[in-house]
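K.L.:
The task is simple: from the sequences and hints, build the whole structure.
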Amino acid sequence: AQKVTQAQTEISVVEKEDVTLDCVYETRDTTYYLFWYKQPPSGELVFLIRRNSFDEQNEISGRYSWNFQKSTSSFNFTITASQVVDSAVYFCALSGSTDSWGKLQFGAGTQVVVTP
Amino acid sequence: NAGVMQNPRHLVRRRGQEARLRCSPMKGHSHVYWYRQLPEEGLKFMVYLQKENIIDESGMPKERFSAEFPKEGPSILRIQQVVRGDSAAYFCASSARLLFTDTQYFGPGTRLTVL
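Going down the list, the sequences are from chains B and W.
Going by our numbering, the first sequence opens with residue 1, and the numbers climb by one from there.
Going by our numbering, the second sequence opens with residue 117, and the numbers climb by one from there.
It is worth saying that the hints were derived from the structure and are not from the lab.
Be a bit skeptical, because a hint or two may be false.
Said to hold, decoys possible - DSS-like cross-link-like pairs, simulated, lysine-lysine; straight-line CA separation at most 25 angstroms:
#  : chain 1 : residue 1 : chain 2 : residue 2
1  : W       : K187      : W       : K167
2  : B       : K70       : B       : K3
3  : B       : K38       : B       : K3
4  : W       : K178      : W       : K167
5  : W       : K143      : B       : K3
6  : B       : K70       : B       : K38
7  : W       : K143      : W       : K187
8  : W       : K143      : B       : K38
9  : B       : K3        : W       : K178
10 : B       : K16       : B       : K38
11 : W       : K160      : W       : K178
12 : W       : K178      : B       : K38
To be verified - DEER-style ranges, computed between Cβ atoms:
#  : chain 1 : residue 1 : chain 2 : residue 2 : range
13 : W       : R131      : B       : E17       : 22 to 28 angstroms
14 : W       : N123      : B       : V24       : 21 to 27 angstroms
15 : B       : G62       : W       : H126      : 31 to 37 angstroms
16 : W       : P124      : B       : V24       : 35 to 41 angstroms
17 : W       : R130      : B       : V24       : 38 to 44 angstroms
18 : B       : D29       : W       : K160      : 15 to 21 angstroms
19 : W       : G132      : B       : K16       : 51 to 57 angstroms
20 : W       : L154      : B       : P40       : 29 to 35 angstroms
Where a beta carbon is used, it is the ideal one built from N, C-alpha and C, also for glycine.
P.N.:
Set out below in structure tokens:
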């Protein structure tokens with residue numbers, strides 16, 4: 001069965017600090033996709049990034065960066081120079097062929113609190 | 117370019133009533149997914165539909181819950197005879213096509229409260 005683990009329940013930082021969110025996944029699939037979504041206090045789910053299993057190139061987008069390491073089954077997410085607007089719950093998710101390609105398996109989420 | 121639309125945003129029902137949640141996918145998207153977010157259980161997949169077809173309903177409770185995505189109109193998630201345990205946020209997502217997997221974009225959710 002597929003599984004996504006976000007061990008960090010909550011992370012609190014002061015504005016301008018960096019924050020790294022951990023995501024560890026389990027799957028028997030050789031082809032799979034990983035995602036990060038953000039859920040701000042307003043409640044909607046916002047797509048941030050998608051990675052496929054055969055592309056381990058790490059990515060930087062503005063203050064966001066992602067570190068995908070297949071060898072350790074991890075897909076970590078870093079916010080550099082955090083801002084109060086980054087306060088949200090961040091979810092890591094996995095999609096693979098074992099269940100169905102249409103099903104996203106979510107982690108429990110990590111609450112990020114950024115204080116001024 | 118309008119995103120995924122869900123209505124109502126908030127829905128209050130008494131035990132035993134029916135709840136109907138609507139989802140209009142993004143323009144050009146023909147795949148719809150429903151997820152439920154319960155306070156202690158996180159986000160869970162319920163069902164995946166294409167037009168007039170249920171592709172995967174492995175996450176749907178066996179009783180009282182049904183979903184459809186007709187040829188015309190929005191996708192509907194229907195909960196009959198609601199109970200307090202159905203209180204949750206229900207999210208709809210849509211994607212353009214299924215090539216291995218495509219990114220799912222989510223709507224704002226419907227918060228269902230059962231009194």
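K.L.:
All the hints need checking, so say for each whether the structure fits it.
P.N.:
Now for the hints, and whether the structure bears them out:
Among the hinted pairs, K187 (chain W) with K167 (chain W) is consistent with the structure: their alpha-carbon atoms are about 5 angstroms apart, no more than 25 angstroms. For a cut-off of 25 angstroms, the pair hint linking K70 (chain B) to K3 (chain B) stands: about 15 angstroms separates their Cα positions. At roughly 19 angstroms between alpha-carbon atoms, K38 (chain B) and K3 (chain B) fall within 25 angstroms of each other, so this suggested pair holds. Only pairs whose Cα atoms come within 25 angstroms are accepted, and K178 (chain W) paired with K167 (chain W) is accepted, the gap being roughly 22 angstroms.
For the suggested pair K143 (chain W) and K3 (chain B), the alpha carbons sit about 31 angstroms apart, so the restraint of at most 25 angstroms is broken. Under the criterion of a C-alpha separation no larger than 25 angstroms, the hint pairing K70 (chain B) with K38 (chain B) is consistent with the structure, at around 23 angstroms. Between the alpha carbons of K143 (chain W) and K187 (chain W) the distance comes to roughly 14 angstroms, so the proposed pair stays at or under 25 angstroms and holds. Only pairs whose Cα atoms come within 25 angstroms are accepted, and K143 (chain W) paired with K38 (chain B) is accepted, the gap being roughly 22 angstroms.
A distance of roughly 23 angstroms separates the Cα atoms of K3 (chain B) and K178 (chain W); the hinted pair therefore holds under the 25 angstroms criterion. The suggested pairing of K16 (chain B) with K38 (chain B) holds, with an alpha-carbon distance near 19 angstroms, which does not exceed 25 angstroms. Distance hint between K160 (chain W) and K178 (chain W) is fulfilled; the C-alpha atoms sit about 15 angstroms from each other, no more than 25 angstroms. At roughly 30 angstroms between alpha-carbon atoms, K178 (chain W) and K38 (chain B) are farther apart than 25 angstroms, so this suggested pair is violated.
Take R131 (chain W) and E17 (chain B): their Cβ atoms lie about 46 angstroms apart, and the range 22 to 28 angstroms is violated. For the pair N123 (chain W) and V24 (chain B), the beta carbons lie near 37 angstroms from each other, so the given range of 21 to 27 angstroms is not met. Distance hint check for G62 (chain B) and H126 (chain W): the Cβ-Cβ separation is about 33 angstroms, which falls inside the suggested range of 31 to 37 angstroms. Checked against the given bound of 35 to 41 angstroms, the beta carbons of P124 (chain W) and V24 (chain B), roughly 37 angstroms apart, stay inside it.
About 42 angstroms separates the C-beta atoms of R130 (chain W) and V24 (chain B), a value consistent with the hinted range of 38 to 44 angstroms. For D29 (chain B) and K160 (chain W), the Cβ-Cβ distance of about 20 angstroms falls inside the hinted range of 15 to 21 angstroms, so the restraint holds. Our hint of 51 to 57 angstroms for G132 (chain W) and K16 (chain B) holds, since their Cβ atoms are close to 52 angstroms apart. Taken as a hint, the range 29 to 35 angstroms is violated for the pair L154 (chain W) and P40 (chain B), whose Cβ atoms sit roughly 19 angstroms apart.
Checked against the numbered hints given earlier, the structure breaks hints 5, 12, 13, 14 and 20 and satisfies all the rest.
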